[in-house]
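**Student:** In case you want the letters, here they are:
Number of protein chains: 2
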Amino acid sequence: YKGTLWEKSKSFITLTCIAILIGCFAGFIQIFTETLGNWKTGHCSRNWLLNKSFCCTDVVLEEVSKRNPLLLKRQEMECIEQGIWIERTGIFFPFMIFITLSLCFALASTLLVKYVAPMATGSGISEIKVWVSGFIYESEFLNGITLLVKSVSLPLAISSGLSIGKEGPSVHYATCCGFIVTRWLLKNSLTYSDQFEYLTAASGAGVAVAFGAPIGGVLFGLEEISSATDFYPSTLWKSYYVALIAVTTLKCIDPFRNGKIILFNVTYDKNWKVMELPIFIVLGIFGGLYGKYISRWNIRYVHFRKQYLKNWPVQEVIVLALVTAFISYFNEFLKLDMTESMGVLFHECSKNDNSSVFAHRLCQLDENTHFWEFAKALSSLLFATLIRSLFVIISYGAKVPAGIFVPSMAIGATFGRAVSLIVERFITGANVITPGAYAFLGAAAALTGITNLTLTVVVIMLELTGAFIYIIPTMIVVAISRIILTSSGTSGGIADQMILVNGFPLLEYESEDKEDDFMISYTTGEIMSTDLYTLSETMYLSDLEVLLNDPNKEKLVNGFPIISNDYRLKSEMRCVGYVLKRHLIAKVLQHNIDSAESSNTIINFTISEEMLENGNEISFKDIVNLQPTTVKPNVSTAMLFKTFKHMGCKAIMVEEDGLLKGLITSKDIQRFERAKSREKFGPTYIYNE
Amino acid sequence: YKGTLWEKSKSFITLTCIAILIGCFAGFIQIFTETLGNWKTGHCSRNWLLNKSFCCTDVVLEEVSKRNPLLLKRQEMECIEQGIWIERTGIFFPFMIFITLSLCFALASTLLVKYVAPMATGSGISEIKVWVSGFIYESEFLNGITLLVKSVSLPLAISSGLSIGKEGPSVHYATCCGFIVTRWLLKNSLTYSDQFEYLTAASGAGVAVAFGAPIGGVLFGLEEISSATDFYPSTLWKSYYVALIAVTTLKCIDPFRNGKIILFNVTYDKNWKVMELPIFIVLGIFGGLYGKYISRWNIRYVHFRKQYLKNWPVQEVIVLALVTAFISYFNEFLKLDMTESMGVLFHECSKNDNSSVFAHRLCQLDENTHFWEFAKALSSLLFATLIRSLFVIISYGAKVPAGIFVPSMAIGATFGRAVSLIVERFITGANVITPGAYAFLGAAAALTGITNLTLTVVVIMLELTGAFIYIIPTMIVVAISRIILTSSGTSGGIADQMILVNGFPLLEYESEDKEDDFMISYTTGEIMSTDLYTLSETMYLSDLEVLLNDPNKEKLVNGFPIISNDYRLKSEMRCVGYVLKRHLIAKVLQHNIDSAESSNTIINFTISEEMLENGNEISFKDIVNLQPTTVKPNVSTAMLFKTFKHMGCKAIMVEEDGLLKGLITSKDIQRFERAKSREKFGPTYIYNE
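Residue numbers (our numbering), protein chains in the order written: chain A, 94 to 782; chain B, 94 to 782.
Treat the hints as calculated values from the structure; they're not laboratory data. Because the structure is a prediction, the values reported are computed rather than measured. Treat the hints with care, as some may be off.
Derived EDC-like pairs (lysine to aspartate or glutamate); straight-line CA-CA distance at most 20 angstroms [what the hints assert, rightly or not]:
(1) B:LYS725 with A:GLU100
(2) A:LYS754 with B:ASP750
(3) B:LYS725 with A:GLU749
(4) B:LYS754 with A:ASP750
I would like the entire structure built from these sequences, with the hints used as guidance.
**Tutor:** Below, the structure is given as structure tokens:
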């Protein structure tokens with residue numbers, strides 16, 4: 094009875110465990126990041142270990158609505174005034190501490206990555222896509238050490254001030270949680286396609302906790318991760334459940350001690366006007382071009398790094414941190430934490446704002462402002478846009494955990510706010526448009542440009558701000574960015590491009606331009622491997638053990654076709670099944686027959702245990718796929734790709750007139766495609782070779 | 094050049110046309126519905142044809158934020174006071190007009206459906222799911238007449254006061270728009286899987302315009318419609334684009350003359366508390382049970398109707414309308430339009446509400462209210478919940494266009510508000526909880542219960558109200574409803590159950606309980622049809638014409654396998670391709686060869702035009718699928734279903750050792766399954782037989 098109960102509820106329990114684990118890691122990372130960041134500028138008088146939020150929790154203004162960002166800000170100021178949180182004063186000394194701590198954090202982060210878990214570098218989204226599309230990437234990629242290193246070195250990297258975000262890496266550590274929990278709880282019953290569902294759900298929850306956007310997270314899992322595979326309704330429900338529980342856990346931990354869910358709560362109350370549409374289109378175009386050029390130049394820089402900086406990854410990070418800290422210290426938008434800076438930029442300028450904490454000088458600009466003031470603000474915004482873009486190009490891909498979502502949003506926000514200044518000054522005059530909304534739309538555009546996601550970006554932006562009144566402009570801007578990006582020939586978001594750049598295996602089955610695809614002219618017969626290792630329907634266990642332990646074949650194959658006893662000639666083999674090597678190994682271990690007996694034991698692959706007559710026969714039927722997918726040799730590659738993708742199989746038998754002619758795995762296709770592509774176009778990326 | 098431009102932009106143009114058409118129909122339907130509804134209670138003094146919104150557009154209070162529901166309501170009151178809109182006064186006379194008009198509208202609606210377009214009845218969601226899952230339902234279902242009748246009879250049915258919603262039928266008319274436009278613009282190049290993408294996108298836009306919720310619409314297409322088929326990233330983008338343009342079109346039409354996007358704008362400012370969780374769980378359980386029992390009883394009533402009311406559909410609708418109008422007139426929540434009633438229920442009770450238009454007496458209840466007052470309000474809400482549920486059970490399925498989304502939401506809202514009254518009175522006291530939020534959560538729960546959708550419901554509810562602060566409670570309530578629903582053994586939402594009830598073909602490939610599935614024990618060889626009509630690789634056009642015009646074969650087959658010339662014996666046919674009958678007919682018509690010549694013309698199915706040597710040969714190679722999907726006869730049904738579903742094919746060749754043994758279509762499976770199922774379990778539903 095206990096068994097049945099577990100059978101019925103195991104998926105439920107597994108999902109809950111994954112979600113709570115993700116929530117806890119997210120809470121730890123957020124608190125740790127804030128603590129490190131706050132140490133750079135001050136310390137708590139009560140206990141120097143505490144960060145600003147925890148230090149100031151006792152400061153209560155009055156019975157306030159906790160959601161109001163203005164009041165939160167005022168509470169923080171009150172806390173500083175009362176001397177509970179002490180900001181460093183002076184010019185030289187604080188600057189030195191700022192720089193030194195930035196360097197230490199960056200150094201610690203990159204050393205951890207380099208020497209403990211090299212897989213923890215970068216964002217990890219590309220690798221996860223590769224994994225769920227069916228290629229098992231190196232198993233260290235999702236193990237416990239990578240999880241721990243990623244969750245420690247990510248806060249270090251972010252608080253070092255580099256232009257990197259925590260969202261990509263969040264996807265990675267969340268997927269690690271999913272992988273570890275499923276392996277631990279479901280190890281006996283887990284099929285690959287089940288595992289992909291759990292991993293997709295976990296990856297979505299990673300985005301959900303990073304942005305505090307549960308629905309956005311679910312959609313991310315759907316639109317980005319599972320675009321590499323199929324998305325079933327059951328995955329949607331799993332993603333929904335994991336995202337919900339993970340975000341709820343995070344909310345219970347309450348890492349910012351203010352109970353807030355919406356990161357940048359805005360209350361835009363002016364409706365948008367149709368005449369603003371051309372400006373929305375400009376923002377959309379900016380987003381598309383941003384995505385196109387940033388990813389292109391980032392990839393060029395990745396090449397450059399692989400060629401010239403290969404042996405100095407740690408030094409590279411140190412120099413990057415130093416340069417970033419020096420330059421950022423002197424621009425108000427770069428100096429602020431990216432999230433805080435977006436908070437300022439998104440904020441609506443309201444005349445009757447009775448508190449001046451958010452009343453940035455950007456809001457004081459109107460027709461009467463001196464042109465010099467206006468130009469200063471504008472150039473400051475454009476400078477921030479430009480410099481942050483440069484930083485993103487050279488930072489993304491360095492040997493630290495690094496995401497590109499939030500930096501892109503910050504760049505879009507400064508650009509959008511700059512556009513709003515120009516529009517207010519030269520076109521509409523003050524108080525007609527909502528300038529904060531332009532920053533918001535710019536952020537959405539840049540995020541779409543870099544990720545090539547549509548619905549996900551819209552939902553994440555709305556969940557971040559609650560700016561529901563701007564739903565149509567957001568959708569328009571995102572659509573334009575996407576159209577610009579795809580029509581300029583950029584293939585997918587930066588994650589997809591990184592897959593190509595790194596030479597990861599990912600079958601691009603459904604290319605839009607069918608004509609460009611040179612693979613279309615080949616048939617299955619040309620790609621298949623004909624040099625097969627096969628098994629007979631019945632064979633001695635000792636023979637099988639020899640085959641399995643043969644070091645030459647060790648690496649070569651993942652599975653064996655099983656050949657009918659009646660047709661064993663090389664020229665007319667008939668395949669009756671397919672068996673995976675790892676299943677064979679497990680089964681042999683399970684039977685644990687000593688070597689003396691093994692040469693007398695016969696394995697039968699096609700008859701089940703109960704039907705066997707001889708005492709010395711054992712049945713392996715349960716591990717055999719008796720109906721492997723088959724195609725004919727004259728089938729085109731297009732059809733072959735479709736079969737691989739849609740039937741979700743790892744190996745396809747090639748048969749003609751019922752006779753086995755060869756075998757095709759995804760790796761065969763990969764190998765063939767690379768070889769032909771090199772023949773035809775030369776190497777794609779120099780360092781791949 | 095013009096051709097290439099069209100090739101490149103045709104999908105873009107098609108999507109835009111579909112979206113604009115949907116937007117226009119939605120605008121017409123909304124204006125028409127409001128006009129009919131308003132006529133029941135009053136008329137415009139300026140022009141009796143106008144509805145209240147159009148009549149009152151000139152009344153301007155001051156420069157107001159148009160989004161504020163309080164001000165909109167006040168504008169309406171002002172309009173009545175100024176005598177521009179005249180409400181009928183008195184007791185008997187208005188009541189008679191109310192009843193009479195309700196009856197007339199119901200009669201007109203049902204007569205239109207019965208005599209002009211019988212396919213326009215019901216919601217149509219089940220049929221669309223069947224259609225996109227690959228079974229072409231009767232073609233009248235999506236034609237122009239159905240579209241027109243549905244868009245006229247839907248407003249009539251709704252304004253007759255029946256407990257029905259416009260969301261399901263919106264999906265239907267939107268899909269009609271999609272079907273008509275794609276057939277018109279893309280008729281030459283449209284493949285079935287392309288068409289499914291367009292239809293899915295259009296169906297999503299139907300929900301988007303009905304609720305004013307573009308993202309919810311896209312998700313509806315994903316979660317409900319395409320759960321029957323596969324969802325590709327390109328469908329997501331198409332859905333996104335169509336939903337965006339359709340909603341933008343609707344906004345430009347501005348049917349309510351107030352520019353509002355959010356239907357029930359709420360501004361809940363009290364955050365929810367963890368101690369409220371048990372009550373959220375109660376609401377979730379209500380939703381699950383509501384969904385379970387309403388759909389069960391509705392199905393029983395459908396059986397009853399088929400047995401006893403079959404010949405009186407019009408009379409049934411008349412009686413329904415009469416009963417509904419009589420009972421509803423005397424309950425304040427039932428009398429109001431469902432949307433308006435939800436507006437009142439969702440509204441937060443705020444102490445400093447300086448306008449009393451929304452200050453319903455529900456808001457005046459606190460600890461000091463006399464128990465009698467409290468009991469009256471509570472029983473009024475519970476009465477509305479109960480009676481509306483009964484109405485839903487007996488109305489959904491009557492011979493008018495009818496959806497079940499909004500009635501379910503209204504039922505959930507009255508129940509949730511009743512729960513909030515009890516909680517405020519007996520547990521928390523006044524001003525602790527947000528009572529409107531309970532109505533909102535109740536609506537979400539009931540909607541999940543009836544549809545079995547999760548993410549879509551959450552997003553639609555948030556888009557309807559903008560209540561982002563309640564995102565986690567909404568997700569929790571929806572998750573609980575879903576868990577209750579699935580764990581109580583209900584298979585899917587009401588749309589899925591209706592598919593079963595109506596005996597529509599829908600391959601349920603992936604049943605969760607593999608053991609229960611009796612089909613698993615059969616193989617492909619048992620299901621396939623062996624009595625094949627085949628074509629030869631080369632044949633005379635006249636022979637083909639005879640075959641195509643043969644009235645006996647007319648209905649029987651959709652396509653023909655093409656047999657190699659070298660192996661034409663019945664016992665060893667080799668299949669070289671598969672051709673669809675409708676493609677053959679089109680191709681023959683296109684060549685337009687007169688009958689004298691046709692007996693001299695040879696058709697070649699495997700050699701392309703350029704390679705033909707004889708002058709009297711013409712090539713049909715372009716319409717032949719040269720690589721039809723094949724399986725072996727010993728393949729299990731599970732694998733066969735998987736192949737059908739994943740490869741998206743309509744017919745599968747059964748081959749053994751390269752020889753054609755038979756052919757399987759979805760219809761073969763259907764027929765076989767029904768026969769076996771009847772043998773084994775007896776008929777599922779009595780009237781199906």
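**Student:** All hints, please: hold or fail.
**Tutor:** These are the hints, each one checked on the structure:
1. B:LYS725 with A:GLU100: violated, 34 angstroms
2. A:LYS754 with B:ASP750: holds, 13 angstroms
3. B:LYS725 with A:GLU749: holds, 12 angstroms
4. B:LYS754 with A:ASP750: Holds: LYS754 of chain B and ASP750 of chain A sit about 13 angstroms apart, inside 20 angstroms.
Hint compliance for this structure: hint 1 alone is broken.
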